[in-house]
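Put chain F with the ligands on the given structure of chain Z with help from the hints.
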Amino acid sequence: MSLGYLERGYLEKDELPPFPSEERLKKRAVAYIECPQPIPCSPCFESCPSNAIEMKNINDPPKVDYEKCTGCMKCIRVCPGLAIFMLRLRDDGMGEVTLQYEFLPWLKKGDRVKLYNRKGEEVGEGVVNWVLPPERNDNTSLVRVEVPAELIFEVRAVKPVR
Amino acid sequence: MVKIEHGRLQEHPIVDFKRGKEVTIYFNGQPIKAYEGETVAAALYAAGVRVFSRSFRWHRPRGFFCAIGKCSACMMEVDGIPNVRTCKVYVRDGMQVRTQSGLPDAEKDVFSIFDDVIDRVFPHGSHYSKFTTSKKARDFMVKRMRKFTGFGNPPRAVFQGKAEVEEIETDVLVVGGGPGGMSAAINAGKYGAKVLLVDENPFLGGQLIKQTHRFFGSAKERAGTRGIRIAGILEEELNNIENIEVRKETRVFGIYNGEAGAYQRLNDDEGKLLRIRAKKIVVATGAYERTLIFENNDLPGVYGAGGVQTLMNVYGIKPGNTGLIVGSGNVGLILTYQLMQAGVNVAAIVEAMPRIGGYFVHAAKVRRLGVPIYVRHTILKAIGRKSVEGAVIAKLDDRWQPIPGTEKEIKCDFICVAVGLSPTHELLYQAGCEMKFVPELGGIVPLRSKFNETSVKGLYVAGDVAGIEEATAAIMEGRIVGIHAAVTLGYGGEEAKKELEEAVREIEEFRSGPFGERIVNGLKKCTLESEVVS
Ligand SMILES: Cc1cc2nc3c(=O)[nH]c(=O)nc-3n(C[C@H](O)[C@H](O)[C@H](O)COP(=O)(O)OP(=O)(O)OC[C@H]3O[C@@H](n4cnc5c(N)ncnc54)[C@H](O)[C@@H]3O)c2cc1C
Ligand code: SF4
Ligand code: SF4
Ligand code: FES
Numbered sequence: 000m001s002l003g004y005l006e007r008g009y010l011e012k013d014e015l016p017p018f019p020s021e022e023r024l025k026k027r028a029v030a031y032i033e034c035p036q037p038i039p040c041s042p043c044f045e046s047c048p049s050n051a052i053e054m055k056n057i058n059d060p061p062k063v064d065y066e067k068c069t070g071c072m073k074c075i076r077v078c079p080g081l082a083i084f085m086l087r088l089r090d091d092g093m094g095e096v097t098l099q100y101e102f103l104p105w106l107k108k109g110d111r112v113k114l115y116n117r118k119g120e121e122v123g124e125g126v127v128n129w130v131l132p133p134e135r136n137d138n139t140s141l142v143r144v145e146v147p148a149e150l151i152f153e154v155r156a157v158k159p160v161r
Numbered sequence: 000m001v002k003i004e005h006g007r008l009q010e011h012p013i014v015d016f017k018r019g020k021e022v023t024i025y026f027n028g029q030p031i032k033a034y035e036g037e038t039v040a041a042a043l044y045a046a047g048v049r050v051f052s053r054s055f056r057w058h059r060p061r062g063f064f065c066a067i068g069k070c071s072a073c074m075m076e077v078d079g080i081p082n083v084r085t086c087k088v089y090v091r092d093g094m095q096v097r098t099q100s101g102l103p104d105a106e107k108d109v110f111s112i113f114d115d116v117i118d119r120v121f122p123h124g125s126h127y128s129k130f131t132t133s134k135k136a137r138d139f140m141v142k143r144m145r146k147f148t149g150f151g152n153p154p155r156a157v158f159q160g161k162a163e164v165e166e167i168e169t170d171v172l173v174v175g176g177g178p179g180g181m182s183a184a185i186n187a188g189k190y191g192a193k194v195l196l197v198d199e200n201p202f203l204g205g206q207l208i209k210q211t212h213r214f215f216g217s218a219k220e221r222a223g224t225r226g227i228r229i230a231g232i233l234e235e236e237l238n239n240i241e242n243i244e245v246r247k248e249t250r251v252f253g254i255y256n257g258e259a260g261a262y263q264r265l266n267d268d269e270g271k272l273l274r275i276r277a278k279k280i281v282v283a284t285g286a287y288e289r290t291l292i293f294e295n296n297d298l299p300g301v302y303g304a305g306g307v308q309t310l311m312n313v314y315g316i317k318p319g320n321t322g323l324i325v326g327s328g329n330v331g332l333i334l335t336y337q338l339m340q341a342g343v344n345v346a347a348i349v350e351a352m353p354r355i356g357g358y359f360v361h362a363a364k365v366r367r368l369g370v371p372i373y374v375r376h377t378i379l380k381a382i383g384r385k386s387v388e389g390a391v392i393a394k395l396d397d398r399w400q401p402i403p404g405t406e407k408e409i410k411c412d413f414i415c416v417a418v419g420l421s422p423t424h425e426l427l428y429q430a431g432c433e434m435k436f437v438p439e440l441g442g443i444v445p446l447r448s449k450f451n452e453t454s455v456k457g458l459y460v461a462g463d464v465a466g467i468e469e470a471t472a473a474i475m476e477g478r479i480v481g482i483h484a485a486v487t488l489g490y491g492g493e494e495a496k497k498e499l500e501e502a503v504r505e506i507e508e509f510r511s512g513p514f515g516e517r518i519v520n521g522l523k524k525c526t527l528e529s530e531v532v533s
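Those protein sequences? They're chains Z and F, same order as listed. Residues 0 to 161 in numbering that gives the first Met the number 0 are what the first sequence spells out, letter by letter. Residues 0 to 533 in numbering that gives the first Met the number 0 are what the second sequence spells out, letter by letter.
Hints are not guaranteed to be accurate.
[Said to hold, decoys possible] Only pairs whose alpha carbons sit at most 27 Å apart, straight line, appear in this in silico BS3-like list of lysine-lysine:
#1 K67/Z x K25/Z
#2 K407/F x K118/Z
#3 K497/F x K73/Z
#4 K219/F x K62/Z
#5 K524/F x K456/F
#6 K55/Z x K219/F
#7 K394/F x K449/F
#8 K20/F x K32/F
#9 K113/Z x K410/F
#10 K118/Z x K32/F
#11 K55/Z x K32/F
#12 K55/Z x K449/F
#13 K118/Z x K410/F
#14 K67/Z x K407/F
#15 K55/Z x K394/F
#16 K158/Z x K219/F
Worth flagging that the hints you see were computed from the coordinates, not collected in a lab.
So that you can see chain Z by itself, here it is in the shape it has in the complex (with noise of 0.2 Å):
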């Protein structure tokens, strides 16, 4: 087993979970799970609906059925991992990344944020076009942002442009 991701604290190309298809990324939007390792957490699994998720024990690292995900957002709201991203393809090119937010000041709709990768590196800018109000979800925010749909699977964090 590589761990890789242990030394560094983030997961590259090659350690990703397996994408959902372009087409189901256009249908809508897509949870994708960026949780690895074996950990005694379940929340996720538990939280779905639809049985996407598959855990054989409490142990397991959850596996999404992008098939069955129907993107509810149940799993995102409450994953202690902050691991879970609803992914979209849209029609115009753009890409839409949902991410789970903890910080002030809050983001709202319309807010301009810069783009970070699993490094905490700069990849662009961004604009909030949706967002789950933190009092809404016991102070998680859930916050859309719209990016290029090239940068769907490396945004993974955002901040106020100030």
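Only chain F with the ligands this time, still in chain Z's reference frame:
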């Protein structure tokens, strides 16, 4: 004193700090603003005080470390009473607080100029050999020395209050109101056992009250819910069971053949001595933080990770502007994220092992926000005169030795040591439990049965005191001991027995992954002889 941007956090993404009434306390005669509900140490810290005491021998400046009453680095004279742990007493209007070592005070201690010569005049241990010619000379010198070192200021005030004795009988006594203890009380109480739960703090929740993050584990153990909320949920469950009594600010000081002695604080002037006769006793006293050896590790600004969490998440006080985290276990990783949530920068996380010790997902959260994680690195020293101004880290070779030339200076104004916890086992020792050093479980732990009963019959352990694990495991263990105590007292019948089996099965499954492997190995080493099937 140091300058910090903002002593108290005005807003926070997760916690809504409810501060009490504004009061004034006096620190070495100077008025300091504080809020009711804050500890003296927290209020002083918010006001910029960093030097809390001076060391016994070298007059080195010392700051707080643990913030939960376990390290004694914060002792001062409060309202005339010396050696009070200021992190355990709450502010009161008009309170007089003085540092007790150093002249004129700990901050500017003139004695510290003797640091360089003291070892030549009084080499280490010389107080045992010098001035022994006559009793008079010795008495005289001992007094002087105690004064010089600041440890013996005779009490100017004597406790004037009342202390009555109360005798209590109960089925189950639970010592400690963290997740382990609360779960034990709930599970014994729900089957009808009469339970008394005591905790030395004025609140329940133990370590949970500073954990603002969502928990791992299974939804049944409330994973996905924030630690601070879990404390509230458990407390509500406790309160809903009639046959459970809870006493806060009650510290158990000894266990003697099925009886426990405790002191309950009622108010500033009143307390009660409790003699508790219990058929079963559950010890769930948690753990304390370890430190690490490096140059200047006693400098104010070197804190335990939990100490910083307490300051920041309980009292809403910023520990500083930029921190360095030593240790990449879950505690270090979570703390890093929480510091960033409070608007504090984290310069880096250093880890001596070749890989991150905690969960990858916790590391990924802070890595993507730009915090570097240096594995195979260690801290060589802290820099600073009266408080931390920086640190030097270096890379380690395969034999854990720092590689010359790889030293790097990190700018930071505090350092968090997150290198693990050790069980708070004193009561168990005192009660006569058979103990054993088991590194996998974090230190000295009691031998126990699979239901967590120790070698002393009727005495159980649950949570971190049984072995350092986490809150989910503490809750699961609490469930097992609670039900087992109830069942063996004749409560609950078949239903309880069935639940007990299920509880044992669940914790086994929980520990079946790679993170549980260590625990399982540790447990094998401290299973009671009678249970070992050869
Ligand atoms: C930074 C950090 C992050 C963590 N993250 C997680 C996580 O994500 N998931 C998870 O499951 N766990 C997590 N944990 C671990 C978890 O908080 C602890 O394992 C858990 O709190 C242990 O519970 P406990 O009941 O054994 O002890 P504690 O919570 O320590 O409670 C012990 C209680 O006993 C009281 N006490 C002690 N001695 C006496 C006495 N003599 N008389 C009366 N009362 C006494 C103390 O005041 C205290 O309230 C984390 C811990 C830390 C420090
Ligand atoms: S988004 Fe909904 S359907 Fe998809 S994996 Fe998450 S919980 Fe399941
Ligand atoms: S809830 Fe999040 S951290 Fe836990 S297993 Fe699922 S994806 Fe991983
Ligand atoms: S005892 Fe007060 S800081 Fe440790």
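Do the hints match the structure? See the list:
1. K67/Z x K25/Z: Roughly 15 Å between the alpha carbons, so the hint for K67/Z and K25/Z holds.
2. K407/F x K118/Z: holds (21 Å)
3. K497/F x K73/Z: The given pair, whose Cα atoms are some 33 Å apart, is violated under the 27 Å limit.
4. K219/F x K62/Z: holds (21 Å)
5. K524/F x K456/F: holds (20 Å)
6. K55/Z x K219/F: Holds, at roughly 17 Å.
7. K394/F x K449/F: The hint is violated at about 42 Å.
8. K20/F x K32/F: Holds, at about 11 Å.
9. K113/Z x K410/F: holds (26 Å)
10. K118/Z x K32/F: Violated, at about 42 Å.
11. K55/Z x K32/F: violated (55 Å)
12. K55/Z x K449/F: holds (26 Å)
13. K118/Z x K410/F: holds (21 Å)
14. K67/Z x K407/F: Distance of about 50 Å is beyond 27 Å: violated.
15. K55/Z x K394/F: Outside the cut-off at roughly 39 Å; violated.
16. K158/Z x K219/F: violated (34 Å)
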